[in-house]
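Student: Sequences listed follow chains W and Y, in order.
Quick note: the first sequence uses my numbering, first residue 1, plus one each step.
Quick note: the second sequence uses my numbering, first residue 416, plus one each step.
The set of hints was computed from the structure by calculation and includes no laboratory data.
No false leads were mixed into what you were given.
Using C-beta positions, here's what the derived DEER-type ranges look like:
1. 290(W) to 813(Y): 42 to 48 angstroms
2. 563(Y) to 104(W): 43 to 49 angstroms
3. 629(Y) to 179(W): 28 to 34 angstroms
4. 104(W) to 695(Y): 26 to 32 angstroms
5. 42(W) to 629(Y): 46 to 52 angstroms
6. 95(W) to 695(Y): 36 to 42 angstroms
Quick look at which bits of chain W chain Y covers, simulated, 3 or more residues with Cβ under 8 angstroms:
7. 95-105
8. 191-198
9. 210-218
10. 380-394
11. 397-411
C-beta: ideal position from N, C-alpha, C; glycine also.
Number of protein chains: 2
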Amino acid sequence: MSEVIEKGKLAKKASYQIGICTTKEKNDALAKIAEGLRKNEKAILAANQLDIQSGKEKGLSPSILDRVELTEERITDIADAILQVIDLTDPIGEVMETIEKDNGLEIDNTRVPIGVVGMIYEARPNVTVDAAALAVKTGNAIILRGSSSAIHSNLAIVKIIHEALANSAVVPDAVQLIEDTSRETASELFRLNDYLDVLIPRGGKTLIDTVVRESRVPVIETGAGNCHVYIDDSAKPDMAKAITLNAKLQRPSVCNAIESLLIQSDWFDQYGEEVISALIEKGVTVYGDTPVVDKVPLVQEAANTDWGTEYLDLKISVKIVEDVYEAIDHINTYGTKHSEAIITETADHASIFKQKVDATTVYHNASTRFTDGFEFGFGAEIGISTQKLHARGPMGLKALTSNKFIVSGDGQIRE
Amino acid sequence: MSEVIEKGKLAKKASYQIGICTTKEKNDALAKIAEGLRKNEKAILAANQLDIQSGKEKGLSPSILDRVELTEERITDIADAILQVIDLTDPIGEVMETIEKDNGLEIDNTRVPIGVVGMIYEARPNVTVDAAALAVKTGNAIILRGSSSAIHSNLAIVKIIHEALANSAVVPDAVQLIEDTSRETASELFRLNDYLDVLIPRGGKTLIDTVVRESRVPVIETGAGNCHVYIDDSAKPDMAKAITLNAKLQRPSVCNAIESLLIQSDWFDQYGEEVISALIEKGVTVYGDTPVVDKVPLVQEAANTDWGTEYLDLKISVKIVEDVYEAIDHINTYGTKHSEAIITETADHASIFKQKVDATTVYHNASTRFTDGFEFGFGAEIGISTQKLHARGPMGLKALTSNKFIVSGDGQIRE
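Work the whole structure out from these sequences, hints included.
Tutor: Below is the structure:
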């Protein structure tokens with residue numbers, strides 16, 4: 001039996017055990033995991049050094065090595081994050097709706113764990129802990145499939161998790177790590193419908209696209225954010241400038257940073273140059289359509305492909321539009337339906353924009369950078385779903401739950 | 416451009432129009448569709464006769480021909496069903512949750528249409544109307560891909576729907592019928608991620624399995640029901656017998672009918688023969704394990720494959736188990752996680768069964784036949800989801816919705 005199928009079976013069986021653990025039992029297990037990570041900090045750092053050495057030998061880029069690398073401080077942060085998960089409300093067992101039928105049947109729609117969650121991810125070993133902790137909290141078993149670049153760290157971490165769970169009411173088999181990081185094990189996960197209820201990719205666009213394309217197991221697509229700020233004719237200049245700079249610059253490498261700026265033409269004539277020059281001063285390369293190039297120095301001519309590009313870098317495309325309707329059309333054509341903002345003092349325009357723009361999150365007079373599970377107050381974030389099914393937008397603990405109808409009767413039969 | 420891509424694009428564009436129609440506009444469109452179907456009854460029946468003739472020439476089975484066939488009465492029923500949809504509450508626009516942040520941001524999690532729904536289905540032309548009506552009610556565009564056996568009926572019906580929508584506020588492009596019913600158009604739908612948000616298969620196991628296996632578009636899996644009744648040691652004999660007969664016989668061809676009966680051994684010694692003989696008297700072929708064969712005449716020896724078989728017919732497998740735990744293990748091993756019932760007077764056993772059995776719907780002292788959107792009071796049923804994501808169990812209008820976070824600020828940026 002292959003490693004993936006074997007661990008799939010173990011995870012499925014464990015899911016029935018962890019699925020009915022009490023909140024106290026799950027929180028106790030989480031506390032033991034946090035304690036284990038702190039106590040075994042040296043073992044984790046030693047294993048992590050093997051990954052770093054091996055990565056250097058393979059010539060991995062500094063930015064990937066930075067994602068792989070753990071430090072004492074990072075391990076402390078990871079353990080602290082588990083303590084925060086302990087404090088969150090356990091969603092499992094909630095009766096979301098009760099339906100009482102005339103025939104006396106009582107139907108309780110109750111919140112239950114999904115069962116077995118698969119997580120396929122790249123370099124960062126903190127995802128191993130983070131995903132395991134969220135799974136334990138929500139009574140799910142989890143199958144972790146990280147990348148070869150962090151395998152030593154992941155093995156060390158999961159060993160500690162297993163030791164912690166062995167001293168808790170949660171069965172250690174609830175957390176499974178696929179040790180073989182070859183392509184074949186990813187492909188096997190894509191077909192593991194018998195044991196896996198959902199597969200969540202966390203990483204770059206190539207990984208996510210592959211999972212969406214190949215997986216037969218239901219996927220929650222997280223990811224790409226070609227986000228826009230649209231500055232309407234009535235926008236307050238200072239607010240528009242502050243939001244644009246924040247949305248582009250506060251952390252350019254993340255999915256809720258903007259990649260494109262749309263400006264209403266009259267507003268552009270008055271204030272456009274100031275905003276765009278401020279971006280350029282901060283080191284942003286600006287790709288503009290013709291009126292922008294004509295008016296503002298140092299702007300490069302945008303190619304058609306720029307409107308659909310997620311730079312994740314100090315670059316931005318800028319387009320002049322006639323009105324809010326053109327802005328909406330442009331966003332619905334080129335956006336990735338992630339986070340979109342309008343800056344306006346015209347209530348009607350804000351209302352139309354909120355209604356017509358197709359995205360997980362639509363903002364009026366605020367930065368797109370707030371699309372985040374912690375900023376939304378969920379206390380945790382599994383990822384940001386960009387699909388319409390199951391969960392859309394920032395996903396908290398509830399995204400790892402399903403429902404079960406529990407029906408109580410006294411002999412009812414259907415006529 | 417292929418028919419599927421062309422209609423995908425039209426549907427996507429139309430989804431932005433129908434998505435913001437008011438409840439009144441959508442209900443008015445539905446009323447016009449119902450009126451159109453009634454007025455054009457003769458045209459529909461004439462087209463349907465072409466399908467029936469063609470089906471007879473191709474040698475389709477009487478049961479398939481019955482599913483294809485329309486009558487005046489069936490058309491009336493179909494039109495009446497639309498009027499019922501009009502009466503349902505429109506789920507779109509509901510603010511499900513409001514989050515107020517310390518920084519003044521107000522975050523409304525609002526219910527929105529999914530966008531473009533794909534429905535891939537078999538013979539029955541009533542699904543064409545049913546699916547279109549539920550899509551219109553929920554502000555979704557829909558792409559219908561029926562089977563060749565009902566293509567003339569489907570073309571006639573969609574022509575009428577388009578005429579009705581042309582006289583309404585809903586754009587006719589919101590309802591698209593794929594006219595080419597070759598395998599290629601199904602395959603194209605599986606890859607239509609740019610224009611299709613979800614694909615729902617309705618039909619037999621082969622169709623559903625194909626869609627789950629092949630589709631890159633997110634799927635809602637509906638379907639297979641290998642359902643059980645477990646009779647516990649304390650079960651009231653009359654209740655156990657009545658529920659078993661009802662769950663098996665009231666409509667054997669549907670997914671929430673039972674395929675397997677589990678009986679606690681002591682109860683079996685006292686009352687088993689009576690229940691099983693009653694099934695046999697009603698024409699049911701019984702496949703039992705050895706103790707059942709030994710004790711009850713006319714029972715055939717069950718093969719191992721029987722425990723996992725969905726007969727959808729007057730057949731049942733019967734197994735003797737020692738206790739509720741063995742029953743739960745058997746159900747979680749062989750069941751399809753659809754609908755499962757325990758008959759018991761022991762509260763603890765009922766509680767364990769409800770908690771541990773992994774299924775969309777778990778019953779205590781009631782027939783599994785109640786797993787149904789109408790019986791649950793949803794007023795409509797898209798299908799019964801057997802997956803854990805998005806929707807599980809009977810799906811009403813809400814299963815055709817997603818969410819959007821609408822955030823209002825006054826210049827907030829992220830620190």
